[in-house]
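Here are the chains, one letter per residue:
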Amino acid sequence: MEDPGQYLAMMRQTAPLVHNITNYVAMNVMANVLLAAGASPAMIHAREEAAEFAGIAQALSVNIGTVSPPWAEAMEAAATVAGEKDVPWVLDPVAVGATGYRRALGARLLALRPTVIRGNASEILALAGAVSAGKGVDAGESVETAENAARALARHGGAVVAVTGAVDFVTDGTRAVRIANGDAMMPRVTALGCSLTGVVAAFAAGQSPFEATVAALAYYGLAGERAGAASEGPGTFQPAFLDALHAIDPAALNAGARIELA
Amino acid sequence: MEDPGQYLAMMRQTAPLVHNITNYVAMNVMANVLLAAGASPAMIHAREEAAEFAGIAQALSVNIGTVSPPWAEAMEAAATVAGEKDVPWVLDPVAVGATGYRRALGARLLALRPTVIRGNASEILALAGAVSAGKGVDAGESVETAENAARALARHGGAVVAVTGAVDFVTDGTRAVRIANGDAMMPRVTALGCSLTGVVAAFAAGQSPFEATVAALAYYGLAGERAGAASEGPGTFQPAFLDALHAIDPAALNAGARIELA
Amino acid sequence: MEDPGQYLAMMRQTAPLVHNITNYVAMNVMANVLLAAGASPAMIHAREEAAEFAGIAQALSVNIGTVSPPWAEAMEAAATVAGEKDVPWVLDPVAVGATGYRRALGARLLALRPTVIRGNASEILALAGAVSAGKGVDAGESVETAENAARALARHGGAVVAVTGAVDFVTDGTRAVRIANGDAMMPRVTALGCSLTGVVAAFAAGQSPFEATVAALAYYGLAGERAGAASEGPGTFQPAFLDALHAIDPAALNAGARIELA
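Chains as they are written, first to last, in our numbering: chain P, 20 to 281; chain G, 20 to 281; chain Z, 20 to 281.
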């Protein structure tokens, strides 16, 4: 991928309305991340309106982090509408292996054929049905461990699958790349993974999902690198990260992206 | 208005207990904004206690951003008690035009006669029944477009109506002023509009709603100007903004307020 | 207590999975605080999975700040499992005296015998059945006022009770200490008390509850002191505070802790 910057440029030009049904921990961070990146976020979760709203958004993200039954209903309704209207939607299967309730919901959402699935290695392994030892929402497994599961999941569901960690892995079942951008402080700040899912949705609005996902991950990791250099700990990392998301332009992304074929 | 600082001074002196039924995205920011300003925030939304708590607070703010039916019930119950007890309450009709569910709830809350209504132009137009094209929670319309709707809404409901944007517009149906304070970065930080609604409620506790609203908007915009000057992007804007809310005193507000008759 | 640093060291070494059922305002801050401190937070509240998850966590924190009936059920179910499996659990009775709904829930949770109870003076007084005038979630009473109530509550429930304020007071009904660490800006930042409850839970995982609580409070207050020195207001205090939680090591805690027998 020679020019990931074009996907950032197009996202900013269209400023897509991204509908997010996400968890309580991530909601504020995700809205700020999407605003800083140049998209237009909306958090709408009530069963009474989620499906209607999914029909007017340009992309949808679904995250099961703090899910409960009414939210799960809204997720399924919104994802169904997104599928019917060809609105790209991204699934973030937070801690999907942790409880029986999550495993069942994960399977139902998978059946609704997400455009992109983004998770850590434990989550992708759990979603792929492999044995995993997910601990909380942290990745207990290395990205490499989940590469085969990611390829299988992508082929099975016709989805792009992104496994994020120290080095990210993205596959559509045929092609695969690794993205080496990022900073060691990112796992010490909550909701950065969840918020990335929203950015992937914003990039996927009207753009090819595989390339859009790769570009989104490189952009996000590059912002992390800048924030790491500009901060002194997990607290000052956060404002620096939002500033970097806002400041990085397509040329800077092309210069800083570290993408290679897997 | 020669002396908006007096409204800030009185608010800080009484440190009003402000009851907020607001959205998940804004809750933390709003609490921090109110604490930095000098008020005492409480977030209480359960149907089992919202009405009881509204009776002991000095002001109430109601925001429909991430509303669902149990929350809507609590909003209506709390607003009813506020009306009965002459506790000022402020309505923030987030994205009220976006779905049928929101339009119906907006109409029900309007019928409970809020003391102040604060929204962006799209929301005020939608609430006034005019045709609008609200996109997410961003303002798709300019403030000027909504001035007539704001005047009509104020006369109809006996409320002070504040339309916020690059230049804010406040009317009670008879009088009207514009407030030019603010910073271009504010729309790139989530929940700043929602949190302003809480500040308006705090200023309106025991003070004349029209003047209190104008003073609150000037104070908030001035803090935005200081934060803009002290930050490098939407991330560093946020801590600088809270610092500015905390640091601005009545004399500084009087010196920096840009209020004129409309 | 000569060596509070050993409790920090052990907490970091085990990086306990802390299950938090907390309020919407605090959730993000608490997750970041726990990550910065070195623990592994998870926010899980649905009735469908809270009890199951409580059985795999190393500690549980329960906070009633924005409670509603389904959350209350999950709190009781999770606390019951924690009691059965000897998982330490910490109760944060936010504004427990404010409404009848809260008083009833507080009594039910107390009957499930929390390992530690952490609140401000108003909350401890209310929980102990004494007359109190809690205002929002702020402490309307001084810590000293609640010392006898704290001792009584500790003896009655077999719990460690921590009353936090300008100078904290911790008792197990027999022993008692005061911790003088902290900064005057802390009450002006929302959710710092709630997040402290999570840190107490993390320290209590596999460690003696009384000593763990004392060490957690000294550590937290010391981070506040560093943040106060490094910031200019309540906004810049927050990132500085997370940086300090991350930076303080056991030796620094031992050097800076201000603990004395009460």
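No wet-lab data here; the hints were simulated from the structure.
One should not assume that every hint holds.
You can't tell identical chains apart in this list, so a pair holds if it fits in one copy or across any two.
Stated by the list, open to error - List of simulated lysine to any residue pairs, SDA-like, C-alpha gap at most 25 Å: (1) 104 - 166; (2) 104 - 119; (3) 104 - 269; (4) 104 - 271; (5) 104 - 252; (6) 104 - 118; (7) 104 - 191; (8) 104 - 273; (9) 104 - 66; (10) 104 - 89.
Hints and how they fare:
Taking CA atoms no more than 25 Å apart as the test, residue 104 paired with residue 166 passes in neither setting, with 30 Å inside one copy and 36 Å between copies. When the C-alpha separation of residue 104 and residue 119 is checked against a cutoff of 25 Å, the pair qualifies only between copies, where the shortest distance is 20 Å, while the shortest distance within a copy is 31 Å. Taking the shortest alpha-carbon separations for residue 104 and residue 269, neither the intra-copy value of 30 Å nor the inter-copy value of 54 Å comes in at or below 25 Å. Taking the closest pair of Cα atoms, residue 104 and residue 271 never come within 25 Å of each other, the shortest separation being 34 Å inside a single copy and 53 Å across copies.
Taking identical chains as interchangeable, the C-alpha atoms of residue 104 and residue 252 are never at most 25 Å apart, the minima being 43 Å within one chain and 36 Å between chains. Proximity of residue 104 to residue 118 under the C-alpha cut-off of 25 Å is restricted to the inter-copy arrangement: shortest distance 17 Å between copies versus 32 Å within a copy. With identical chains, the CA atoms of residue 104 and residue 191 are at most 25 Å apart within one copy only, with a shortest distance of 21 Å there and 44 Å across copies. Taking the shortest Cα distances, residue 104 and residue 273 never come within 25 Å of each other, neither inside one copy (32 Å) nor across copies (53 Å).
Taking the shortest alpha-carbon separations for residue 104 and residue 66, only the intra-copy value of 18 Å comes in at or below 25 Å, while the best inter-copy value is 33 Å. In this homomeric assembly, residue 104 and residue 89 come within 25 Å of each other (Cα to Cα) only inside a single copy, at 23 Å, whereas the closest approach across copies is 30 Å.
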